[in-house]
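K.L.:
Sequence:
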Amino acid sequence: MPLKVYNSYTRTKEVFTPITPGHAGMYVCGPTVSGESHLGHARPYITFDFIYRYLTYKGYKVRYVRNITDAGHFEEEGKEAEDKVSKKAILEKLEPMELVQKYTNLFHWAMLQFNCVEPSIEPTATGHIVEQISMIEKIIAEGYAYEVNGSVYFDLKKYAATHDYGKLSGRVMDDLLETTRELDGQQEKRDKADFALWKSAALEHIMRWKSPWGEGFPGWHIECSAMATKYLGAEFDIHGGGMDLQFPHHESEIAQSTICNHHTPAKYWIHNNMITINGKKMGKSYNNVIKLTEMFSGNHPLLTQAFSPMTVRFFILQSHYRSPVDFSSEALLASEKALKRLWEAYEVLKKLPVGLNEEAADAALNSKVVQWLNEFDEFMDDDFSTAKILANMFELAPVINGIKDGHIAPGALAATTLVLLQQQFKTYLEDIFGLTHTTGADDNTLQGVMQLLIDIRKEAKIRKDYSTSDKIRKQLATIGIELKDEKDGSMSWNK
RNA sequence: GGUCCUGUGGCCGAGUGGCUAGGCAAAGCUCUGCAAAAGCUUCUACAGCAGUUCGAAUCUGCUCGGGACCUCCA
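The working numbering numbers the first residue of the first sequence as 1 and each following residue consecutively.
Bear in mind the hints are in silico, worked out from the structure with no lab data behind them. Source: prediction; values computed, not measured. You may find that some hints are simply not true.
Within a straight-line C-alpha distance of at most 25 Å, the following computed BS3-like cross-link-like pairs (lysine-lysine) qualify [claimed, not checked]: (1) Lys-13 <-> Lys-267; (2) Lys-487 <-> Lys-337; (3) Lys-350 <-> Lys-495; (4) Lys-210 <-> Lys-230; (5) Lys-58 <-> Lys-291; (6) Lys-291 <-> Lys-102; (7) Lys-281 <-> Lys-88; (8) Lys-291 <-> Lys-88; (9) Lys-461 <-> Lys-426; (10) Lys-88 <-> Lys-210; (11) Lys-4 <-> Lys-350; (12) Lys-350 <-> Lys-487; (13) Lys-461 <-> Lys-471; (14) Lys-102 <-> Lys-284; (15) Lys-13 <-> Lys-388.
Produce the complete structure using the sequences and hints provided.
P.N.:
If you want it as structure tokens, here you go:
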């Protein structure tokens with residue numbers, strides 16, 4: 001079955017055909033480490049994590065490059081161009097690199113919480129100044145950039161005359177010339193829409209590098225182009241990022257790389273939609289940011305409780321990556337419960353004994369189960385429809401529980417079907433969706449203690465000493481261990 | 001103002017022109033010492049108006065609402 005992905009560049013679903021058979025190169029715009037990661041950041045990195053995992057599952061050897069932007073952003077503040085990192089560093093009284101390290105560490109910590117696989121290469125902008133400078137030199141040599149007062153700008157008008165600038169973001173060049181806001185250095189540009197490749201550094205600027213045009217720092221867009229080119233080549237398979245990066249970031253990347261490498265950089269552009277909060281995009285300018293640390297601790301006015309990283313991950317998986325997702329405590333709570341239910345079914349499934357019956361006693365149920373399972377790949381191949389797979393899993397959960405509880409005969413499903421069921425759940429929940437849960441089952445000490453408590457409780461129940469049996473169950477619940485009486489008189493527990 | 005997306009049951013969310021998405025919440029029942037869990041059942045929606053069609057949540061038009069981008073942004 002071929003994998004189909006929605007390509008933002010062509011606005012259609014296309015069959016994924018990698019440039020080099022068996023290999024896939026993917027570049028995803030990483031975070032700007034001038035602040036703490038928030039819930040909004042969770043979306044792209046979880047999205048591209050399951051995309052990465054799925055490509056790997058499909059047998060591709062994937063090179064996943066995700067950068068760290070630790071230099072070079074411009075921000076209008078009054079009339080001066082500023083470097084975001086430098087500015088924050090002054091505020092926090094830290095060395096710029098100290099600040100960058102701090103937020104990089106926090107970002108890595110968050111990714112670990114979300115169980116995101118580390119990228120193959122995680123290049124930093126500051127580590128690739130040389131590459132960026134040489135790329136700018138090439139663009140100048142090609143005649144598409146010009147230097148003014150130590151800054152270098154991309155000549156957009158010249159580019160747009162022969163290239164389709166605005167195709168990715170659906171923009172018309174003439175509109176851009178009218179609407180582009182006044183930015184610092186506007187008067188030295190040939191055209192308002194021209195963007196900076198290199199920016200001359202004012203005296204107070206801390207982060208600065210020597211260049212053929214004097215001391216300065218790189219423009220925002222050039223870093224991604226330079227690093228993507230270096231590690232993935234002039235043309236690579238997938239370029240990903242949030243939808244809000246389409247313009248101007250990705251549009252500009254296309255322009256730079258096309259001139260420099262004589263080739264459009266990426267074959268497929270994949271963009272995830274935003275997380276909104278009460279219908280509004282989460283962002284500093286809206287003052288509605290929930291940091292990930294706040295998410296996990298529940299320490300935020302908009303949160304009624306703490307939500308675990310896996311709940312957030314599951315929440316994101318429950319909707320399509322190209323749909324906007326509206327956050328609320330209520331929605332998160334629903335996800336938390338849903339995940340718990342699904343995971344418990346999965347734990348049950350792992351323990352179901354596989355019989356030897358080749359034939360299914362219940363042929364209708366068997367074929368339905370097989371169909372639901374086969375649809376997993378089908379849905380994923382159709383532009384990563386994770387929500388539909390989860391829906392199927394919830395169809396299967398009653399079947400699993402039914403077998404355990406005896407509502408469904410043990411031989412209802414063929415042995416091969418049960419094995420397939422176990423495999424698919426493991427593959428999708430753990431390997432592709434990247435969900436984890438520590439049950440405590442791997443902790444031998446805890447196992448022993450629990451067995452002891454279960455034995456005591458069983459004895460109490462036989463004596464009809466319900467105050468003791470209830471006490472054990474209640475006390476365990478307060479420390480987060482749930483004890484269940486099974487239908488056959490046994491007891492099970494989970495953390 | 002320009003460009004584009006979107007409006008699904010109490011809430012969150014899938015959705016191909018015709019066939020029950022799913023989850024959460026709620027109600028009833030079964031099981032159980034009690035509970036939890038689980039199972040079964042119920043709740044059948046598609047902003048409004050008009051059109052195309054044998055048939056539309058799905059296509060077209062208009063109206064109303066929400067959002068994104070146009071500026072740093074995941």
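K.L.:
Now tell me, hint by hint, if it's right for this structure.
P.N.:
To see whether the hints hold, each was checked on the structure:
no. : hint                : result
1   : Lys-13 <-> Lys-267  : holds, 13 Å
2   : Lys-487 <-> Lys-337 : holds, 23 Å
3   : Lys-350 <-> Lys-495 : holds, 17 Å
4   : Lys-210 <-> Lys-230 : holds, 21 Å
5   : Lys-58 <-> Lys-291  : violated, 34 Å
6   : Lys-291 <-> Lys-102 : holds, 15 Å
7   : Lys-281 <-> Lys-88  : holds, 23 Å
8   : Lys-291 <-> Lys-88  : holds, 17 Å
9   : Lys-461 <-> Lys-426 : violated, 36 Å
10  : Lys-88 <-> Lys-210  : holds, 22 Å
11  : Lys-4 <-> Lys-350   : violated, 31 Å
12  : Lys-350 <-> Lys-487 : holds, 18 Å
13  : Lys-461 <-> Lys-471 : holds, 12 Å
14  : Lys-102 <-> Lys-284 : holds, 19 Å
15  : Lys-13 <-> Lys-388  : holds, 17 Å
Comparing the model with each earlier hint shows violations of hints 5, 9 and 11; every other hint is respected.
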